[in-house]
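J.: What follows is each chain in one-letter form.
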Amino acid sequence: MPTHQPHTYRPDTPSHPPVSFPEYRSNVLRAPHRPFVLLPQRLGEITGPLLGEGRVGPHDHDLTLGHDGEPQGQRIIVSGRVLDGDGRPVAGTLLEVWQANAGGRYRHDLDRHPAPLDPHFTGVGRTVTGADGRYSFTTIQPGAYPWRNHDNAWRPAHIHFSLFGTAFTQRLITQMYFPGDPLFAQDPIFNSVRDPKAREAMVARFDLATTVPEWALGYQWDIVLRGKNPTPLEEEDDDDE
Amino acid sequence: MSDSHAGLQTTPSQTVGPFFSFGLVWPDGPFVVPEGTPGAVRIGGTVYDGAGAPVPDAVVETWQADPDGRFDHPDDPRGAVRWKDFRGFGRSATDPEGRYSLLTVKPGPLPAAGGGREAPHLNVSVFCRGMLVRLVTRIYFPDEEANAEDPVLTSIEEARRATLIAAIAGSEPPVTRPRGYRFDIHLQGEHETVFFDL
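These protein sequence lines map, in sequence, to chains A and B. With the numbering used here applied, the first sequence covers 1 to 241. With the numbering used here applied, the second sequence covers 1 to 198.
The hints are simulated quantities; they were obtained by calculation from the structure and are not laboratory data. None of the hints are false.
Incomplete in silico selection of chain A near chain B, CB under 10 Å: (1) N27; (2) L110; (3) F161; (4) G227.
Since we're looking at a predicted model, the values are computed, not measured. All residues carry an ideal CB built from backbone N, CA and C; glycine is no exception.
Make a model of the complete structure from these sequences and hints.
T.: This is the structure we're talking about:
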């Protein structure tokens with residue numbers, strides 16, 4: 001049985017937050033204390049669920065639809081590309097998003113923020129990237145909301161993103177932020193990313209070309225998943241001993 | 001557009017937060033195979049934090065080979081093969097008691113470099129409020145001779161190996177096959193699960 005693999009995926013730890021980051025209070029009892037064991041990438045790691053079209057309804061990319069009326073707040077369009085670490089588009093991959101409404105409240109039983117719930121906004125969307133790796137969501141600018149992490153703590157406005165890519169190794173859950181948010185400096189989740197360049201990569205770019213006149217503001221946000229190692233050549237056999 | 005050697009920097013991971021369930025929960029998420037599939041088994045357990053408290057806001061995802069040890073994926077060098085009604089992927093949010101549960105079929109063994117094989121196992125991602133990066137672990141099966149030669153399992157110090165092996169959760173008399181497996185996940189503490197760096 002052939003056992004060689006076409007490629008593996010490059011490590012990317014410098015851009016990720018640390019496992020242990022106690023400034024984020026709920027991290028303290030949940031972060032493992034022992035070092036992780038290096039897992040060589042084998043068949044189960046270089047493959048992954050190829051979830052796409054079958055999981056997405058016709059209006060799932062537009063979070064302002066599906067209710068009896070228009071949701072409250074500033075309508076926005078968030079578009080961008082999903083790329084791998086070599087700049088190649090990741091086509092046909094499922095993106096899932098969820099977010100608070102314009103008042104900063106989630107449609108979730110445990111959200112106790114006393115902001116109004118919007119009867120015309122749920123805050124869940126799905127789409128699949130095109131052949132060029134592009135995606136686009138229409139939604140409402142989410143509001144900031146308070147939490148109890150530290151004195152007078154507020155989360156900067158953000159949209160949660162979940163992506164599969166094409167391999168177990170590429171799975172990513174992240175958050176997209178909005179440019180110029182004054183809440184960045186006090187937010188431990190945003191600042192858990194220690195590399196300033198990587199942190200900046202979580203902030204979308206306002207884009208007048210995406211903006212639709214008299215209808216919606218536009219943002220561009222590209223998401224980069226892990227890149228592949230170069231395909232091993234003949235010497236692979238020698239490595240297999 | 002990108003330097004072919006340096007490449008682009010990966011977008012950082014962030015926590016799923018406390019309210020992911022309305023975004024990530026699918027009605028068919030826990031069903032790697034549909035209910036009624038012959039040979040289907042339930043795999044579930046509780047996610048615990050460092051104080052031993054159940055974690056009610058976690059999501060557990062699994063990825064696995066089919067019973068023949070194949071992946072329905074173009075990067076499987078043996079070629080993509082699809083096993084009937086098998087998605088390979090499972091997703092279960094934990095309930096208020098910290099429990100997750102999936103319905104699946106036991107995967108077959110996998111070929112490994114050098115002519116060995118990997119014992120049947122599931123790859124697992126754990127996300128929760130409080131964790132900034134996903135945790136990766138594996139679920140192995142207790143009733144499996146191939147565990148003794150599995151290159152990953154045997155690389156773990158013996159005292160911690162048990163954290164990667166599920167327990168038989170119940171069987172029908174006479175004991176012909178297990179009805180289910182229990183795999184608890186300890187994020188921290190004395191029984192901390194072995195987590196992997198990919």
